[in-house]
Amino acid sequence: MTLSRMPEPDQAVLDRSSAIIKDLEALIGVDGVISEEEGRRAFEADALTAYRQAPMVVVLPRSTEDVSKVLKYCHRNGLKVVPRGAGTSLCGGALPMADSIVIGMSRMNRVLDADFVNRTITVESGITNLAITDAVSAEGFFYAPDPSSQLACTVGGNLAMNSGGAHCLKYGVTTNNVLGVKMVLIDGEIVDVGGAYPDAEGYDFLALIVGSEGQFGIVTEATLRILPRAESARPVMLGFSSCEAAGQCVAAIIGSGIIPVAIEYMDRPAIAVCEAYAKAGYPLDVEALLIVEVEGYEEETTRLLRDIVDIARSFDPKVVEASTSPEHSARIWKGRKAAFGAMGRISDYYCMDGTIPLGRLPEVLSRIAQICAEHRLKVANVFHAGDGNLHPLILYNANDADEARRAELAGAEILRLCVSVGGCLTGEHGVGIEKRDLMDVQYTPSDLAVQMRIKSVFDPNWQLNPGKVFPLSALEASRASAAADQAA
Amino acid sequence: MQTNFTPEQLQNPRVAEADAILRRCVHCGLCTATCPTYVLLGDERDSPRGRIYLIKDMLEDNAPASPEVQHHLDRCLSCLSCMTTCPSGVDYMHLIDLARGYVEQTAPRPFKERFVRQLLARVLPYPERFRLAVRLAPLGRPWLNMLRRFGLKQLAAMIELAPPVLPPSPKFEGPGTAATEDERRARVIMLAGCAQQVLRPGINDSTIRLLARRGVDVTVSAGSGCCGALTYHLGDEASAVAFAKRNVDAWSKELEKGPVDAIISNASGCGTMLKDYGHLLKREPEYAARAARIASLARDVSEFLGEYELGAPKRWSSLRIAYHPACSLQHGQRIKEQPRELLSKAGYSVVDIPESHICCGSAGTYNIMQPEIAGELRDRKAKNIKRVKPDLVAAGNIGCITQLTGQVDVPVVHTVELLDWAYGGPVPRGLEGLARFVSNVPEPKQRRAEDFIHA
Chain A
1 MTLSRMPEPD
11 QAVLDRSSAI
21 IKDLEALIGV
31 DGVISEEEGR
41 RAFEADALTA
51 YRQAPMVVVL
61 PRSTEDVSKV
71 LKYCHRNGLK
81 VVPRGAGTSL
91 CGGALPMADS
101 IVIGMSRMNR
111 VLDADFVNRT
121 ITVESGITNL
131 AITDAVSAEG
141 FFYAPDPSSQ
151 LACTVGGNLA
161 MNSGGAHCLK
171 YGVTTNNVLG
181 VKMVLIDGEI
191 VDVGGAYPDA
201 EGYDFLALIV
211 GSEGQFGIVT
221 EATLRILPRA
231 ESARPVMLGF
241 SSCEAAGQCV
251 AAIIGSGIIP
261 VAIEYMDRPA
271 IAVCEAYAKA
281 GYPLDVEALL
291 IVEVEGYEEE
301 TTRLLRDIVD
311 IARSFDPKVV
321 EASTSPEHSA
331 RIWKGRKAAF
341 GAMGRISDYY
351 CMDGTIPLGR
361 LPEVLSRIAQ
371 ICAEHRLKVA
381 NVFHAGDGNL
391 HPLILYNAND
401 ADEARRAELA
411 GAEILRLCVS
421 VGGCLTGEHG
431 VGIEKRDLMD
441 VQYTPSDLAV
451 QMRIKSVFDP
461 NWQLNPGKVF
471 PLSALEASRA
481 SAAADQAA
Chain C
489 MQTNFTPEQL
499 QNPRVAEADA
509 ILRRCVHCGL
519 CTATCPTYVL
529 LGDERDSPRG
539 RIYLIKDMLE
549 DNAPASPEVQ
559 HHLDRCLSCL
569 SCMTTCPSGV
579 DYMHLIDLAR
589 GYVEQTAPRP
599 FKERFVRQLL
609 ARVLPYPERF
619 RLAVRLAPLG
629 RPWLNMLRRF
639 GLKQLAAMIE
649 LAPPVLPPSP
659 KFEGPGTAAT
669 EDERRARVIM
679 LAGCAQQVLR
689 PGINDSTIRL
699 LARRGVDVTV
709 SAGSGCCGAL
719 TYHLGDEASA
729 VAFAKRNVDA
739 WSKELEKGPV
749 DAIISNASGC
759 GTMLKDYGHL
769 LKREPEYAAR
779 AARIASLARD
789 VSEFLGEYEL
799 GAPKRWSSLR
809 IAYHPACSLQ
819 HGQRIKEQPR
829 ELLSKAGYSV
839 VDIPESHICC
849 GSAGTYNIMQ
859 PEIAGELRDR
869 KAKNIKRVKP
879 DLVAAGNIGC
889 ITQLTGQVDV
899 PVVHTVELLD
909 WAYGGPVPRG
919 LEGLARFVSN
929 VPEPKQRRAE
939 DFIHA
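Chains as they are written, first to last, in the working numbering: chain A, 1 to 488; chain C, 489 to 943.
Wrong hints could be hidden among the right ones.
[Unchecked claim] Computed cross-link-like contacts, EDC-like style, restricted to lysine to aspartate or glutamate with a CA-CA straight-line distance of at most 20 Å:
id, chain 1, residue 1, chain 2, residue 2
1, A, K334, C, E825
2, A, K318, A, D387
3, C, K874, A, E275
4, A, K279, C, E556
5, A, K22, A, E37
6, C, K641, C, D705
7, C, K745, C, E795
8, A, K72, A, D199
9, A, K69, A, E139
10, C, K874, C, D840
11, C, K763, C, D562
12, C, K877, A, E139
13, C, K824, A, E327
14, C, K871, A, D134
15, A, K334, C, E843
16, A, K378, A, E287
17, A, K22, C, E843
18, C, K871, C, E829
19, A, K69, A, E25
20, C, K802, C, E774
These aren't lab readings, by the way, just hints derived from the structure by calculation.
As the structure is a computational prediction, the values presented were derived from the model and not from experiment.
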């Protein structure tokens, strides 16, 4: 899978690699630098393994100061930098360039401060998403965004991609749950943006930084909002014999004014795979399964579940089954959360992340099935129905080059479809390398030009996470026009 | 994940097996989060996903293992935490075993390391030799610092792990059958083990008493011995196969004598190995079928007891027990709840240890081969245990018991020793001080029908 072309590596940089490695070792210690070939290759991909490229060198800093030293060095020497959290990106966000330095944040994983009075927690950015909740759960708190990879993904990566998760329907995505960051700019300067209070003075730079895909700087610390856990939370499973009925049911629930914590959708192939893994008791003979979770006081949960089931009844559900115990709830969620990995049991997959207006769901699902059939590929759908964030998983054989290419073509067509019905390319995974060349489907050249000018403010020489987000053609065009301006 | 083996490479059954395992991995990275070495070191190469990548490259290149690869594969504990985390069902256990064999065959090791490995392989599996070695260990204690200075940290770790005093030999060493005095309900073979019967013979005694009390005949077969896990995880497959064959031979004879309900192991590291005999010997035509049968009969003692109603305990205590799930039990054999339930039913109050999925650093001979990482994991585990303030710690594996003894201020014993105590057995070694918190449950008075008639 190589539809997206990577920028050519700079041979002059590669020629200097041994000197650069020595310098980096002097800066942060031999222990924090990985330069031998096998080691570098272990960093050649994240969770989008279709794209692979070993970096020139990997550094594993232990502190903000380490990151600052490395960035200052890279800035001075014109070196490219690729930040990496846990390498769980599904869009190739942490894909290295051959002439780049990967800065792996995995060693910066401490909790720095938990403030229960102000309901905030300050952490280093290499901590995993779930570890944040683990750190405060004994006191009855949790951190709301919960990507399916939350066990392993880092909060730094979450900030870069503005990650969501099943429970974001109620609590919002990362940007709604972050209060401040400490960030190292490309020249090594350490800045604090926002803080442990609701609104920072001046421009809201924080909103700009969240979702910038590691192209504005490297976040080393974050102050996040934590919330008290609800007294009770329970999911109900609703099985339907058509995806239309399920789609209409979702719209009706949201339309009624109820805000569940999550509404998750699985189609028949996805149900089968997840059930085989989690033994959650999913119904196997339905076309679509919704997992709707509500929370609150015990009475509230019971009442909301009853209301939801009442609404669902008018769409002729084949299965209505509420969770009976915390263990049952855990099982129901285990299957959904591990859906992508469980899919790996049967096939390689290519995971899409388009978002659509809810009302178009049935039509889009049937088009997706059609597109995949046209490319002679199977597809399974697991996604956050509540906010219209689709995750079609296109199944293919990675050892078959033709099939891999067809998968990528089908994926691109699905994303074009999402945009054409009024949605967008990415809900929560980010653009990365995967959707880079589709950005002009969604944005006009002038939209892209504005975004690239903002990027240039933070990183004038485009050293941070290069080759991602913006189509290379748009990039080259903007460079040409800049050169022309200068000449004039 | 894509792999790049040539058709010729795939002719080799081992490469074909590795390929099938590698193809399942989707590189999602979930395993990194629960891998003890990644949690400590924060380096992709010390995570399951990173190691899988190193192994893939090594096998694809078909070149001798580089020192880097050897280093990072050596650092894997084989705790198999990644396998209970992996949603794709990647068979990491067999992949790392296979890779270890490849590394041993293709990459040299320095003399010092070969010496330590040979020493372990020649001593640990043989109870007499091991007993002698433990008795000699105190002689080395004054020289610990010197040994470390000369780069013999592994030898130093070995001496430090040896207990200062050895308990007396077990009551029943076998071979033979400890027959139940009750009505016979089952017949089992017990793996008597190797190092365990020297370090804590009470475990086998407790197991036999506990089973015999419930109508189970317990046989220790002549000719059976070490399960082979020790040398297998050091990359010496040939030696492991030899040990396994010896056990399969010995137990096959026992199976011919009459029906056997289970082959019981009370050291979960060994149990994991027994359950894998079918796989280990699948390429040995004379053994494959018998090994598979043996593997299907293998049960951890807690697994077997879980199927039995043990009845009301004879002694009652309010002792607070931190249950430490050995990795080989919770990840290797996926037995998590049974030991806790058995302890609860026996009247103990059981508490869970935070981060209980993370290894204590024992991991077979890991605490000898990798003393620094093992030490960090041990201290981390000890800290977590202390947080729940238990009266004692129970575990189902002798390795963990040895690793944690003396680190947590409270005794560390085997689950079956506590069960045996509750159901009428003697005070387990080291718990004499706690005996005053345990009292006999009064026997219910035999009442006749007339007693209920109050005229």
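How the hints compare with the structure:
1. Simply put, A/K334 and C/E825 have alpha-carbon atoms about 18 Å apart, close enough for the 20 Å limit, and the pair holds.
2. Note on A/K318 and A/D387: the hinted pairing is violated, with a Cα-Cα distance of about 24 Å set against a maximum of 20 Å.
3. Pair hint C/K874 plus A/E275 does not hold up; C-alpha atoms about 38 Å apart against a cutoff of 20 Å.
4. Annotation: proposed proximity of A/K279 to C/E556 is violated, straight-line Cα distance about 40 Å (limit 20 Å).
5. Between A/K22 and A/E37 the alpha-carbon distance is near 16 Å, which keeps this suggested pair within the 20 Å criterion.
6. Taking the CA atoms of C/K641 and C/D705, the gap is about 44 Å. The hint is violated against a cut of 20 Å.
7. Pair hint C/K745 plus C/E795 does not hold up; C-alpha atoms about 24 Å apart against a cutoff of 20 Å.
8. Taken as a hint, the A/K72 and A/D199 pair is broken in the structure, with Cα atoms around 30 Å apart against an allowance of 20 Å.
9. Our distance criterion of 20 Å between C-alpha atoms is broken by A/K69 and A/E139, whose separation comes to about 37 Å.
10. Only pairs whose Cα atoms come within 20 Å are accepted, and C/K874 paired with C/D840 is accepted, the gap being roughly 11 Å.
11. Distance hint between C/K763 and C/D562 is unfulfilled; the C-alpha atoms sit about 23 Å from each other, more than 20 Å.
12. Restraint check for C/K877 and A/E139: satisfied, since their Cα atoms lie roughly 19 Å apart, inside the 20 Å limit.
13. Between C/K824 and A/E327, the direct Cα distance comes to roughly 15 Å. Compliance with the 20 Å bound is thereby established for this hinted pair.
14. Distance hint between C/K871 and A/D134 is fulfilled; the C-alpha atoms sit about 17 Å from each other, no more than 20 Å.
15. With a C-alpha separation of about 19 Å, the suggested pair A/K334 and C/E843 falls inside the 20 Å cut-off, and the hint holds.
16. A distance of roughly 15 Å separates the Cα atoms of A/K378 and A/E287; the hinted pair therefore holds under the 20 Å criterion.
17. Straight-line distance between C-alpha atoms of A/K22 and C/E843 comes to about 38 Å, which puts the hinted pair past the 20 Å bound.
18. For the hint linking C/K871 to C/E829, the alpha-carbon distance of about 24 Å lies beyond 20 Å, and the restraint is violated.
19. As the CA atoms of A/K69 and A/E25 are separated by approximately 11 Å, the hinted pair is consistent with the 20 Å bound.
20. This hinted pair does not check out: C/K802 and C/E774 have alpha carbons roughly 48 Å apart, beyond 20 Å.
Of the numbered hints given earlier, the model fails hints 2, 3, 4, 6, 7, 8, 9, 11, 17, 18 and 20; all others are met.
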